[in-house]
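Just need the whole structure built from these sequences, with the hints factored in.
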Amino acid sequence: MPLGAQPRGRRGTVEEPYSPLNLRLVLALFGMVVCAILAVLLFRAGWIVPGWLLAAWSVAAAVDAVVVQLRRRARARSDGGRRHSLFE
Numbered sequence: 000m001p002l003g004a005q006p007r008g009r010r011g012t013v014e015e016p017y018s019p020l021n022l023r024l025v026l027a028l029f030g031m032v033v034c035a036i037l038a039v040l041l042f043r044a045g046w047i048v049p050g051w052l053l054a055a056w057s058v059a060a061a062v063d064a065v066v067v068q069l070r071r072r073a074r075a076r077s078d079g080g081r082r083h084s085l086f087e
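Going by numbering that gives the first Met the number 0, the sequence shown opens with residue 0, and the numbers climb by one from there.
Just so you know, these hints were derived from the structure itself, not from any lab. Worth double-checking, as some hints may not be accurate.
[To be verified] Simulated DEER-style distance windows between Cβ atoms:
id	residue 1	residue 2	range
1	Val48	Ser77	41 to 49 Å
2	Arg82	Leu52	31 to 39 Å
3	Ala75	Arg43	17 to 25 Å
4	Ser77	Ala44	26 to 34 Å
5	Leu26	Arg72	15 to 23 Å
6	Arg81	Ile47	27 to 35 Å
7	Phe29	Arg72	17 to 25 Å
8	Arg81	Val25	17 to 25 Å
9	Leu26	Arg76	21 to 29 Å
10	Val48	Pro19	18 to 26 Å
11	Val66	Val39	20 to 28 Å
12	Leu52	Val25	19 to 27 Å
Where is the CB? At the ideal position from N, CA and C, for every residue including glycine.
Right, dumping it as structure tokens:
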């Protein structure tokens, strides 16, 4: 999937859906925080391997949040700064 915004005035179709970027950003940040907290708790409890797995998931969620934010910026530039709801 390209990092740019979707084509102007285009709505997702059944064949080519577009994801709600604001919702994806919220979910990525939530996953990053939860995985980071659980990783710290697992490290403190002495469970090293599950702690590293959750730390890796937290990093993956952070990368996803950065990519989504780049796509949101591209969409804002192409839409002229129009605000979008959580589900758009």
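Cross-check of the supplied hints:
no., hint, result
1, Val48 <-> Ser77: 41 to 49 Å, "44 Å, holds"
2, Arg82 <-> Leu52: 31 to 39 Å, "37 Å, holds"
3, Ala75 <-> Arg43: 17 to 25 Å, "41 Å, violated"
4, Ser77 <-> Ala44: 26 to 34 Å, "47 Å, violated"
5, Leu26 <-> Arg72: 15 to 23 Å, "18 Å, holds"
6, Arg81 <-> Ile47: 27 to 35 Å, "47 Å, violated"
7, Phe29 <-> Arg72: 17 to 25 Å, "21 Å, holds"
8, Arg81 <-> Val25: 17 to 25 Å, "19 Å, holds"
9, Leu26 <-> Arg76: 21 to 29 Å, "23 Å, holds"
10, Val48 <-> Pro19: 18 to 26 Å, "34 Å, violated"
11, Val66 <-> Val39: 20 to 28 Å, "25 Å, holds"
12, Leu52 <-> Val25: 19 to 27 Å, "23 Å, holds"
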